[in-house]
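Student: This is what each chain is made of:
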Amino acid sequence: MERKPAPEDDALDHELMAAVARRDGRAFTRLVERHLGWSLGFAERMLGARHEAEDLVQTAFLRVWQGASRWEPKAKFSTWLYRVLHNLCMDHFRARGGAQEALDEELPDDAPGNEERLAGLQREARVRAALAALPDRQRAALVLCYYEERPQAEAASLLGVSVGALESLLSRGRAALRKWLQEELH
Amino acid sequence: MDLNRFKDCAAAYGKERRRWPAQELELYDRFARTPEGAAILAQAERTDRFLDAFVPAAPDPGLARRVGVPAKPAWRRFGAPAAALAASAALGFAVGFAQVRDEIDADPVARLLLGPQSVQEIGL
Chain Z
28 MERKPAPEDD ALDHELMAAV ARRDGRAFTR LVERHLGWSL GFAERMLGAR
78 HEAEDLVQTA FLRVWQGASR WEPKAKFSTW LYRVLHNLCM DHFRARGGAQ
128 EALDEELPDD APGNEERLAG LQREARVRAA LAALPDRQRA ALVLCYYEER
178 PQAEAASLLG VSVGALESLL SRGRAALRKW LQEELH
Chain R
26 MDLNRFKDCA AAYGKERRRW PAQELELYDR FARTPEGAAI LAQAERTDRF
76 LDAFVPAAPD PGLARRVGVP AKPAWRRFGA PAAALAASAA LGFAVGFAQV
126 RDEIDADPVA RLLLGPQSVQ EIGL
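Read top to bottom, the protein sequences are chains Z and R. Offset between the first sequence (1-based) and the working numbering: plus 27. Offset between the second sequence (1-based) and the working numbering: plus 25.
Chain R extracted, bound-state conformation:
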């Protein structure tokens, strides 16, 4: 009965004692050195050795740098570029607006069509 339990544990946890549940260590110590127990552990060891071949490489420093820099809030990440964009847009609008107004004031056809008062009425 106990040997069956030993076999179940080896099938689940493998050969190494440190991976066995604490409450089963006494069972491990009782059977590990017997011929039956050693044969069971030898079979479990084959699976252990197979699993041991998968050893992920250490993270490269680039990943550590990417992950280790805390994310800034959106307003801090995009705040300065967004402010510069808004300022450029405002400046462009102001310049464009001034040019259009000068052109209308200077254009006799526009003045003829709209008249000086009409130009003022439409807010130009």
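So that you can see chain Z by itself, here it is in the shape it has in the complex:
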């Protein structure tokens, strides 16, 4: 997984966005290379399905290209991109009407040497299923704060809630996961 850009890279993002606004295709490609990894990880954890995450990320970067001329470097590019991705995820959830898709995990054949990988995929599938069962906002809070390690103020702003409400979403989300795990064990 590609690392998240460090704070000192923000200036480079701003330069690239200015170039993208001038329709510089190479700058756009560079921007995608820098941010595709974490964007895809965020979308996949939010949506639970890889192919949906890929479509969503593609749409997000299309919006980056289309909206570059209107973008103002008031905040970090990554914060803005998080907002684009988060809004697209929420649109996706609304379009899906809250219904969760069945988990369709492709597991490899029982070939020798695959047991460890299979066990890993099964563990991952359980997390996908547990996250997918959470209410959208609790899942979004967990993905932003736990996986993405965004500062509380930024995550709260993205979700449109206070820091206190964010903490409540996180607590309820983790409590639901604990309950889910306990029920699974019994």
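Don't take every hint at face value.
[What the hints assert, rightly or not] Cut-off 20 Å, straight-line C-alpha distance, at most; resulting in silico cross-link-like pairs (DMTMM-like, lysine to aspartate or glutamate):
id	chain 1	residue 1	chain 2	residue 2
1	Z	K206	R	D73
2	Z	K206	R	D33
3	R	K40	Z	E176
4	R	K40	Z	E175
None of these hints come from the bench; they were simulated from the model.
Chain Z is already provided as a structure; the job is to place chain R on it using the hints.
Tutor: Just chain R, lined up with the frame of chain Z:
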């Protein structure tokens, strides 16, 4: 009271210090090594470990190529094929038109029905 707050934070942010809010780090440092605090963090760690099992794979190069190529405007994407289609249509129309006119001129029945002047009147 402070231990309750420590418990609330562990329930929301998990075991790892780096995920806690900056203003609660002093609280973390005060309780993390106490028996009560360690027990609370151990419970939070179970949820952390569960979440850690979900590690999305890196994007495949094909996706990077698809996403990283900026979208061209419609006129640039479809301009050349559309121009070729329009040219073919115009050529086909011209050829067809010439053939119809020759056929009418050559066809005695058409000439009889329409007459040479009528053929000119209807613009053929």
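Student: Indicate, hint by hint, whether the structure satisfies it.
Tutor: Evaluation of the provided hints:
1. K206/Z x D73/R: holds (14 Å)
2. K206/Z x D33/R: holds (17 Å)
3. K40/R x E176/Z: With Cα atoms ~13 Å apart, K40/R and E176/Z stay inside 20 Å; holds.
4. K40/R x E175/Z: Holds: K40/R and E175/Z sit about 16 Å apart, inside 20 Å.
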